[in-house]
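**Q** Each chain is listed here by its residues.
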Amino acid sequence: MFRYIIRRLFGALPTLLVIITLAFFLIRLAPGGPFDSERQVPAEITANLERAYHLDQPLPVQYGYYLWNMVQGDFGPSFKYKDHSVSELIAQGFPVSLQLGLSAMLLALLIGIPAGMLAALKQNQPLDHAVMALAMTGITIPNFVMAPLLALVFGVFLHWLPVAGWNDGWKSAVLPVIALALPQIAYAARMMRASMLETLGSPHIRTAFAKGLPLRLVLWRHVLKGALLPVISWLGPATAAIITGSVVIEQIFSIPGIGRHFVQGALNRDYTLVMGVVVFYGALIILMNLLVDVIYGLVDPRVRYE
Amino acid sequence: MRKLPLLLLSLCLTTSFAHAESVIKRGNGAEPETLDIHKSTGVSEANIERDMLEGLVTEGVDGKLQPGVAEKWEISDDGLSYTFHLRSDSKWSDGSPVTAGDFVYAYRRALSPETASDYAFILWPIAGAEAFSKGEQKDPASVGVKAIDPQTLEITLKAPTPYFLGMLMHHMAFPVPQKVVEKVGNDWIKPENMLCNGAYCLSEWKPQSHVKLAKNPNYRRAAEVKIDTVYYIPTEDQNTELKRFRAGELDITYDVPADQIKNVQQDLPDAFRSTSYIGTYYYALNLQNPAFKENPKLRRALTLALDRDILTEKITQSGEIPAWGWVPAVDDYSQQAIEEKSLDKAARTDLAKQLYTESGYGADKPLELEILYNTSDNNKKLAIAVAAMWKQVLGVKTSLRNEEWKVYLDSRNQKQYQVVRSGWIGDYNDAYSFLSIFKSDVGEINTPGYQNPEFDRLMKEAETQSDPKLRREAMEQAERVLLADMPIVPIYHYTTQHLVSPRISGWEDNVMDVHQTQYMGLK
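Line by line, the protein sequences give chains U and Z.
Going by the working numbering, 61 is the number at position 61 of the first sequence; the sequence numbering is gapless.
Going by the working numbering, 617 is the number at position 311 of the second sequence; the sequence numbering is gapless.
Only chain U is shown next, with the shape it has when bound in the complex (with noise of 0.2 Å):
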């Protein structure tokens, strides 16, 4: 197992180097650079500020520069926040989307998984339909309608909760959360339904209950064993995707995490924050996919790693 790890982690360095090579040349492709404005400066001001940020060095150059730096943890300054590195930026910025992700995830495994199980149990019954058309508004109302919403009645409206900002300890986090989690909990009970359904059918599971084992103990030590599975291979990319920020619902209520820096640092062709934060998310996905493997190993009987 800790050798298969190992193997893992060294594989992933050629991908994190094609993602590397290629969002560095990517944004560098597109027209315009960090330095336009809408108050065009004169030629010789935008020389000092090339200079200072090295970018009046040919290509190659730039990005032999940026890949030493990295290889020792410098991402370099951002290009917009010029009074802070990337780095710093993501530091400051990871731990509130990753409270905010995490909460999220808890929250939508907490009822998607018993929802989904309910419906499944309940198959064509009017428990079903009623989680499942549920499940089916949660999916279809997006997070920017639904979010404003929220804040309009509990933040606006009845004074329960902040409309916005970080500062307020839990309370900051209910709406957000909430909003975020809303469509996963859809997801994670469709899928759950559907798994479950599967499973209940195969054959290990009829033999189960031949048996005579009583459906308490099959539905724990057996179905949602194998009903999980794919719940949980969904759960490693989904899981990267909301902690490395939901932009949308970052930008809704003002959160101070690292959501926003995907668009607007491409936005603002902040070339070294669109570096760090594709860097950060690539890592993050490889390790998330690592992660789920290794836990397939435990959980599924037909995996195992030598």
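Heads up, a few of these hints could be off.
As the list claims (entries may be wrong) - In silico DSS-like pairs for lysine-lysine, Cα to Cα no more than 27 Å straight-line:
(1) Z:K599 / Z:K671
(2) U:K171 / Z:K512
(3) U:K171 / Z:K721
(4) Z:K687 / Z:K651
(5) Z:K651 / U:K171
(6) Z:K745 / Z:K721
(7) Z:K686 / Z:K568
(8) Z:K712 / Z:K745
(9) Z:K599 / Z:K766
Rather than coming from a laboratory, the hints here were simulated on the basis of the structure.
Every value quoted in this text rests on a predicted model; they were computed, and no experiment measured them.
Once you have looked at the hints, place chain Z on chain U.
**A** Only chain Z this time, still in chain U's reference frame:
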């Protein structure tokens, strides 16, 4: 000795009872890019910097010029030399005096190529500044800023620049604490290092969450400063900002969403503030394009065909002022307008049609145009309305092209457009800040690529003229030349919108949209 704890306790109690902390929260648009006065470019940053640092001159509650660190100054007869006498009571937040040396150091740092300041050019009217900033001259002493003694600063200009004092209100002209910057370099703006000489000082900065400023007890007006703590809260999403204001989480907003202005005027009439702003929204016509080159009649027809009242009242709906000229309402200047402004709408439309025909186009040979704008709802709505008016009045076939901000800037700078949406906000309250961008030698900032020797000559005259009246006349005449050539289609002058909680006192609307917290209080 035994009494000491008791004494301390009673002291704590009395101070805490006598003085409940007053806090205000200001919505501030984008997250500040930096708080380094020499590197920042935006309005959000300037709002915060103005509270923390004070220049030689500063703004009053009305946004007008007032003495700042300098209590008085003399200007030489030729208008080239300014001698500032610094106040003896102007201090940094650690109690040490603000000296002329701090200003000399600050200006040299602002101009140094190593600092790589976007805004260095604003100090170029100072003798030697341009050469030093471009790296042609390495010696910082070549810049015309000298400390005669710790309380006397002399600035020499390369030409009389009547707006120079107004320019000193810009954050590029603030002082920096020399001893701190020399010690910690670019980290001088971190809360633990920063020294301020303004009404407030930086106490905390959480990116994307807030910048917290605390009252500076060493500020010269500290006795009159009522608010103890100010939070500047980034509010990039205008709808969220509005909700936060309604929920009482913000006292002042940075803006109001355009589509909500009508509602806000009804629901929050006591809080809604709107006034004119020194800026103009316009369409620039690419004069390198064959359609517009040597064709002033066509350019004029396009301008006359627009009904600006409909554009501002029905489309933009934020109280914008229809623009018939280029320079908005600035101080010491009489606003110019195209001659046809006085005609009624029908006559203007007829004239537009006539000019259009004379310029060689008509129903059988319609002009085909493309409007380029940066992606935004407001720009789109306006472009659609303009295209419809051109179609209806002249029969012009207009297509629209929107581009994401940086792509748009690139296209604009490369002159890859026929008609492009543009906007200009003045750096200081003077017509020169507007007219100077159409000089033939200023580069890409001159969006239409306008060149007229007569215009250049008049601007040159304005630059060298030390008599304010003659200077003003030269600029007014220059604008008339510009409007006769019509390289642009002015559309409206900007207005500012804020929501200011009725519990806030000391807020005065002003054309510079500058509101220092030191003048505010709680009712």
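**Q** Now look at each hint and say whether the structure bears it out.
**A** Status of each hint after checking the structure:
| no. | hint | verdict |
| --- | --- | --- |
| 1 | Z:K599 / Z:K671 | 18 Å, holds |
| 2 | U:K171 / Z:K512 | 18 Å, holds |
| 3 | U:K171 / Z:K721 | 51 Å, violated |
| 4 | Z:K687 / Z:K651 | 22 Å, holds |
| 5 | Z:K651 / U:K171 | 57 Å, violated |
| 6 | Z:K745 / Z:K721 | 17 Å, holds |
| 7 | Z:K686 / Z:K568 | 20 Å, holds |
| 8 | Z:K712 / Z:K745 | 25 Å, holds |
| 9 | Z:K599 / Z:K766 | 25 Å, holds |
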